[in-house]
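Those sequence lines, one after another, are chains A and B.
Residues in the first sequence are numbered from 148 upward in steps of one, following our numbering.
Residues in the second sequence are numbered from 208 upward in steps of one, following our numbering.
Simulated from the structure, these hints should not be mistaken for laboratory data.
Just so you know, even glycine gets a beta-carbon here, dropped at the ideal spot from N, CA and C.
The reader is advised that the hints may include incorrect statements.
Unchecked claim - Computed spacing ranges between beta-carbons, pair by pair:
no. : chain 1 : residue 1 : chain 2 : residue 2 : range
1   : B       : 263       : A       : 417       : 47 to 57 Å
2   : B       : 214       : A       : 216       : 34 to 44 Å
3   : B       : 344       : A       : 369       : 11 to 21 Å
4   : B       : 347       : A       : 387       : 35 to 45 Å
As the list claims (entries may be wrong) - Taking lysine to any residue pairs in the SDA-like style, the calculated list, with each CA pair at most 20 Å apart, reads:
no. : chain 1 : residue 1 : chain 2 : residue 2
5   : B       : 260       : A       : 479
6   : A       : 480       : B       : 212
7   : A       : 351       : B       : 473
8   : A       : 480       : B       : 243
9   : B       : 354       : A       : 290
10  : A       : 290       : B       : 347
11  : A       : 480       : B       : 355
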Amino acid sequence: MKRTSAVLFTVVVLVLAVSAVMSAAEITLMTWGGDFIPRVIIEEFEQETGIRVNYKEVTSNEDMQSLLEANPDQYDLLVTTDYMVDILRQNGMLEVLDKSKLPNYANINPLYLGKYYDPDSEYAIPYAVSISLLLVNHEEVEKLGAKPITTYSDLWQPELRNKVVVVDWSVEIMGIVLKSLGYDYNETDPEKVAQAREKLFALKPNIVRFETNTPEDSLINGEAVVGFMYSNQAVKGNAADPRLQPVFPTEGMPIFIDCWVMSKEAPNKDGAYQFLDFIMRPEIAARIADITKFTTPNKAAEPYLPDYYRNNPMLNLPDEVAANTSFYIGVDKVLEEYEHIYVEFKLR
Amino acid sequence: MRTWKRNLLAVPILLWIGLLVGIPMLLVVALSFLSRDHLGNIVYQFTLDNWRKVVDPIYLRVFWNSLLMALLTALITLLVGYPVAYITSNLSPRRRALSLGLIMLPFWISSLLRTYGWMILLGNAGVINNVLMALGLIERPLPMMYKFGTSLVGTAYMLLPFMIVAVFNSVDKLDRSLLEASYDLGASRWKTFFHITIPLTLPGIVGGFTLVFIPALGLYFVSDLLGGGNTVFLGNLIHTLATRGRNRPLAAAFSLGMVALALMVLAFYWKVTKDKTGEGLFQ
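Whenever a hint applies, use it, and build me the whole structure from the sequences.
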């Protein structure tokens, strides 16, 4: 009898232990593909902690939203862009992060905290910072007889006919136009919007291609001499052809912050905290920045960054550039009208 | 009793279509009459607003753009595909199998990759331009990318096999003795072709037209990559509205507009194919 109960006890303990290990043994991330969370870093985490990491790749913030809202208990962590953090937060999908479980949270640059999408820094941890800027082939611009490009307004020069590539998104293109007119992003004043619409239409002859994923290719192969694109793309373009140089338009630039957030119903919150703390280690954050070519919001990572990264103004944003950036806030108020104007613009 | 039993066999597929096509379709219809809040969440409030926007003059031009693209694609694939199908059906069985195999071969590769292949061919630093420049025929690259025509070529290429196979099936069934009879009665080759071959293969032509037209309405990634996003098709617009545009109800209304375009072509197909000889179409 005694032996039976001892055996039973052992079995119960083993079952409990195994199930505890099982639940601690796996976390599921959802974010962009293409080594956005570098595989080597994930493997190191898996080896160190024994927690298996599932990586669900998606191609849009909205895909992340639908997947998370359909199955909130299937995902632990997401990296999603600022505006989507705002939506998910307001829809009550996100967990308030327990900072006591994240000692490395102190490494994050306060400059990137407390933004509009998470005013009290409760839900989000910034992971990858990027801006939109101009990538310019100055030599070719000169050959075309255009004056040097320093501002958005310079994109309207008739010499640049069919020589400009831009990312394909109404809010962003209207943003350029509004800035060149001296207004703010996402202006709603009908008079200013009407003015921007006219100016936008005048830009059409200069645009050779609308491309969101690889606009830098058009500069590398020479079909465009100026591109309006995201900083990580400009970094790649510049690496492929050093004649392609960044220009930070004096009117100001949009900034984007992709952030880690945790599902409110995350199945393995402990594992998720371990992962978050792991990737916020200074040397890990530096290696991630080196691989992904995004600006790291991890202040403590700076000494570990490679020289090329530290000397590149697109990656290591100078303070005066960072100060001249702003978010697209209030996109919802302008979306419909901008999209309508944008369609009209493209059909011209 | 026997027909009843035979009809029973159709139940699984009817259930399948009913559940996986019918219900989502009804949801799309319902969605097109609903509202949304500023975060893009669906609000259960009836509105006709989305439909009012669909008939906005600017958006109607998007419909026209897509219609034009689909019609031209179907026309080009017909002009290119008909001779291929005709010649293939006249080959010896072995060569015919080879020819059909080669026509199907591109399907083994992702359509996205094949689109990138076109970019490598047509780009400013692409194969064609490099060859022409190396031969000294041109001094600077011919700009062939990012035009309506580029998208058209890409879409037609993508859908050509559908046309060939549809026409092939029809040509293959063609009773050759009718052609001989036509020649015996003194008709020329052209006369025979236009009065015998085409009317008899009309179901295949219209079938291929339908098979090409409908997907051509939705192949928006081709126009994004090859057309450089320089114009807007229904597919692009629906995609934008359903994602960053945060307007799924409006996207639903546009999707139904696209379904209506497809149904129009299907109606045409039914009308024509019921009339097997195709006389109605040639009068």
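Q. Hey, residue 354/B versus residue 290/A, does the alpha-carbon distance stay inside 20 Å?
A. Violated, at roughly 25 Å.
Q. Is residue 480/A close enough to residue 243/B, meaning Cα to Cα at most 20 Å?
A. holds (13 Å)
Q. When you take the CB atoms of residue 214/B and residue 216/A, is the distance between them in 34 to 44 Å?
A. holds (41 Å)
Q. That 35 to 45 Å hint for residue 347/B and residue 387/A (C-beta), does it hold up?
A. violated (22 Å)
Q) Can the restraint linking residue 480/A and residue 355/B be considered satisfied, given a maximum Cα separation of 20 Å? A) violated (32 Å)
Q: Verify the proposed pairing of residue 480/A with residue 212/B, using a straight-line Cα cut of 20 Å.
A: Answer violated: residue 480/A to residue 212/B is near 59 Å, above 20 Å.
Q.
For residue 260/B and residue 479/A, compute the direct alpha-carbon distance and say whether it is at most 20 Å.
A. Roughly 17 Å between the alpha carbons, so the hint for residue 260/B and residue 479/A holds.
**Q.** Restraint check for residue 351/A with residue 473/B, where alpha carbons must lie at most 20 Å apart
**A.** Answer violated: residue 351/A to residue 473/B is near 37 Å, above 20 Å.
Q | Hint consistency between residue 290/A and residue 347/B [alpha-carbon to alpha-carbon, up to 20 Å] | A | Satisfied, since the Cα-Cα distance of roughly 15 Å is no more than 20 Å.
Q. Do the beta carbons of residue 263/B and residue 417/A sit within 47 to 57 Å of each other?
A. Holds, at about 52 Å.
Q. Is the distance from the Cβ of residue 344/B to the Cβ of residue 369/A consistent with 11 to 21 Å?
A. Hint holds: Cβ distance 19 Å, inside 11 to 21 Å.
Taken one by one, the earlier hints fail for this structure at numbers 4, 6, 7, 9, 11, listed in ascending order.
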